[in-house]
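Participant: Put together the whole structure using the sequences plus the hints.
Those protein sequences? They're chains R and S, same order as listed.
Under the UniProt record's numbering, think of the first position of the first sequence as 1, with each following residue one higher.
Under the UniProt record's numbering, think of the first position of the second sequence as 1, with each following residue one higher.
Treat the hints with caution; some may be incorrect.
Computed cross-link-like contacts, PhoX-like style, restricted to lysine-lysine with a CA-CA straight-line distance of at most 25 Å [what the hints assert, rightly or not]:
id	chain 1	residue 1	chain 2	residue 2
1	R	K127	R	K174
2	S	K355	S	K274
3	R	K127	S	K534
4	R	K53	S	K355
5	R	K174	S	K284
6	R	K260	R	K207
7	R	K174	S	K484
8	R	K247	S	K355
9	S	K274	R	K174
10	R	K207	R	K261
11	R	K127	R	K151
12	S	K274	S	K284
13	S	K514	S	K115
14	R	K127	S	K284
15	S	K552	R	K151
16	R	K53	R	K127
17	R	K207	R	K151
18	S	K534	R	K174
19	S	K46	S	K582
Read the hints as simulated data drawn from the structure, not as lab findings.
Single-letter residue listing:
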Amino acid sequence: MKLLPLLLPLLGLLPTPTPAQHTSNWAVLVGTSRFWFNYRHLANVLSLYRTVKRLGIPDSNIILMLSDDIACNPRNLFPGSVYNNVDRLLDLYGDNIEVDYRGYEVTVEAFIRLLTDRVDEDTPRSKRLLSDAGSNVLVYMTGHGGNEFLKFQDAEELGAWDVADAVEQMWEKKRYHELLFMIDTCQANTMYGRFYSPNVLATGSSKLDESSLSHHNDADVGVAVIDRFTYYNLEYLERNVPNISSKATMKDLFDSYDPKKIHSTPGVRTDLFRRDLSEVLITDFFGSVQRVEVDGEDDDVECGNSSEFNEREEVREKVEGVGRVGGCGGLCGDLGGGECVLRVWGVMAD
Amino acid sequence: MSLNPTEKEPLLQDESTHDVEPVDPAKVIVTTAQKQPPPEDLPSIKRRINVLLSFWVVVIFLGIPLWWVTTSIYRAPLPITEMQNWAEGRACRVEFPLLVEVESLTLPEPESLLKSVQHALDDANDFSAHHIRLRLAKTNNGKEKDEKEKSKKGTNKSTEDSREEVAATLRLIPGEKGSTKHSYALHPWSRTIDILYSPTHKLNPSSAASVANLSSFIALTLQEIFSEEQQMITHLLGTSGVSPSTTTPLTTTSTATNGSGGPPGKAPVDITRKISRIVRYVPKYHITISLFTATGVPRSWDIVSSLESHFQPLLAALSPLSTFTIDTQIQYYASFSPSVQPVWNEDLKAFTLAKEDLSSFINSAEWPLTFLGEGTAINFIVYIPSPSQSPLLIPSSPTNSFLIPQWGGVAIFNPPTQPPVLDQKTLKPLMHTFSTQLLSLLGAPSYPPSLPLSLRLDSLTRQRSAELLVSASSTLGSLARLTKALPSIAIPATVLSSVQTTLQNLQTTCDELKVGNFNAALRAGRIASEEAEKAFFERTMVSQVYFPEEHKVAVYLPLLGPVGVPLVMGAVRGWREWRARKKALGV
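Facilitator: Here you go:
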């Protein structure tokens, strides 16, 4: 049973037509712990949520899984607000967040089903990960964890093998182009040790037998408000990636990790990732860059230069069809641009 | 009662002797030997052995089968080899035979011309699965006119009668007097290609040189018309391994050119870019047309009538491929992303947007563009900028619009005045822009530019059939690999039935493609793809918990340990005694 996953990389590497550049971005942000004293885990996830939204990923492409019992907790001195810093300048819970899986819906089964898309027929679209072969997916998980497991809602565990199998199923069904797996728990690096699918980049906050620590407490809130690994990630992202056009790379981000500040040894796993990290932009995973094609730009017909073309022009006018809209605007004579296209195609009646 | 006589314990006698003198252990000599129980007689031994055996019989014949049945996972027997054959392209040689009927009204000896054209086509074709076959139209004198009439109306589809579908009809017509070259023309209303041959050919139509010239021109024309489709299908089939073929580099085959900038006969289309632009094929699309205005005007727009007259005809033409639902919305005081800054351009006397800004134009945080219903969504946006930023132009686009791959399109509209209502006349060019963008997003070939809609849609049908075939086959392959890789997940019977339906429909698709019934192939391909997806994404096939062996031991040991130890020890003891008895008897 344990040998089979070793053979799977050979099967998984069959040639598939993946685009060279990604075409969409998805983010799966999972906060796996509940109860008041795990305030910081929720704050971690909400901070990442805010970051990916700021960089352009729309809510329809973000799956947010939270226990959501912090903001309206009776112990919350600031009801309806979640802060990740003692200065309380930024309210993460705000008024524009969309939580897809709340409370007890956040289970191991729900998470695996989300990744592999084996959901009920009546699952709403907002609860499904509808990524395809061109999507870059960011998976961020935080909570309490241990050696190759992650605790969900204090009731069950997610194993490293399960995540690895789920990601392999995603690869089989071409549900991601590249995947960034980021995890902030104790002994986090063990969780990504079992991946065997290609194009997976993973980073964790601490290695085996090491705990991940929280950054600071807020005396009024009463608990720790942010974890160190996430704090330093956010600090880098806020300072160096101010908007979608930033050219900062993942290598810069990983180089900025300082074990002395984070108080644990963050790890990065790149053996499954095909590209060189210094070419991977941070916005490839954290933001949503849309390639656009401007109409009329890619003219695939040369206009007005060659004599053969002029001859065709005569023929065309005779036939009543006229040229393509855009670069050959002159051909269309007195018709508007869009009209001439439609007339050629026989759609528009005169 | 201790058996050890030297322990300092008062020996418990019977009740009558209650006043026992303290005994000095050193002076006591054990006089009585230990009383042994009477030896077991044979029936008792047999009874004991039978009791033990009965426990074991229950364990072996009832317990183990029950455990096996209740803990085994039902895995339906999927036809793995057949699925893998499809995934690797061994089950079907995919073919796209295109039938072109040739009508030569005035030329003598059309058969020899046809033969040389066919030769030229076959020689130049690197990808044998997509090939063009020429056929002379029936030239019975009485029927010829009928054929001409029919081809003019473009009704060469075979639906009721069992005639093959004709991809296009070629007509050979004498060209203008004085022109020395051949040329071709396409009709916007039909599938007819007019080849206008130069009068010099007419002078000596049978000379080998002029026949060769004309035939190579015809071959190149046909190649050019179908080249984008062929490139797409080559790419789809070649990169997935469904059918053995070589990916074709662009080659130049002949010196005659057709006025295009690229190599003759090949469409200058970037296939990878096209593939990342087109929306994945689904039977149902949903189109959302939104008007976002930066101020409170216009109040409303005459969209319903606009759609009906300018957009619906296109959707009706597309209906054999997919169905479309439309909805529209208006949002007021909608601003684009704050990171986008239009720049005033003195030459154009307008505000312009840089191309990099276009990538982040859509303010996805604020604009409600999520569609939560059934079907894939395609969004078209009309944006009217505020008067302080008008007119807003995209410098490189004459239609002031841009397309977002796999998502939709945006058109920026600068109304000359600030009309409270956008009427149908104003919306007409926008609808046309969106029609162009829609066809682009759906993957209809755009080269050559004068290609009529009917031919484009036929090409799209063939392209999508190829795509569905490939996707269904690869899904089957993934499912086969998955069932082998995860032996602990259950495979319900519904998966088996879906897989069988898929295999049947894949075979139908392949057969229909070979014959040339592309619409039927598309329908079968749709069913195959849907069933394959259903089979793969079966909700009960979740391999949720991975049990390491230590966990299994930890679960079974406390249950079976206390029961198992006496049974095992009893069996061991019984075996030893039986051997001893046999020895005693034997000796």
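Participant: Hints first: check each against the structure and report whether it holds.
Facilitator: So, going through the hints one by one against the coordinates:
no., hint, in the structure
1, K127/R with K174/R, "19 Å, holds"
2, K355/S with K274/S, "19 Å, holds"
3, K127/R with K534/S, "18 Å, holds"
4, K53/R with K355/S, "22 Å, holds"
5, K174/R with K284/S, "21 Å, holds"
6, K260/R with K207/R, "14 Å, holds"
7, K174/R with K484/S, "18 Å, holds"
8, K247/R with K355/S, "17 Å, holds"
9, K274/S with K174/R, "19 Å, holds"
10, K207/R with K261/R, "15 Å, holds"
11, K127/R with K151/R, "21 Å, holds"
12, K274/S with K284/S, "21 Å, holds"
13, K514/S with K115/S, "22 Å, holds"
14, K127/R with K284/S, "20 Å, holds"
15, K552/S with K151/R, "20 Å, holds"
16, K53/R with K127/R, "17 Å, holds"
17, K207/R with K151/R, "17 Å, holds"
18, K534/S with K174/R, "15 Å, holds"
19, K46/S with K582/S, "14 Å, holds"
Comparing the model with each earlier hint shows no violations; every hint is respected.
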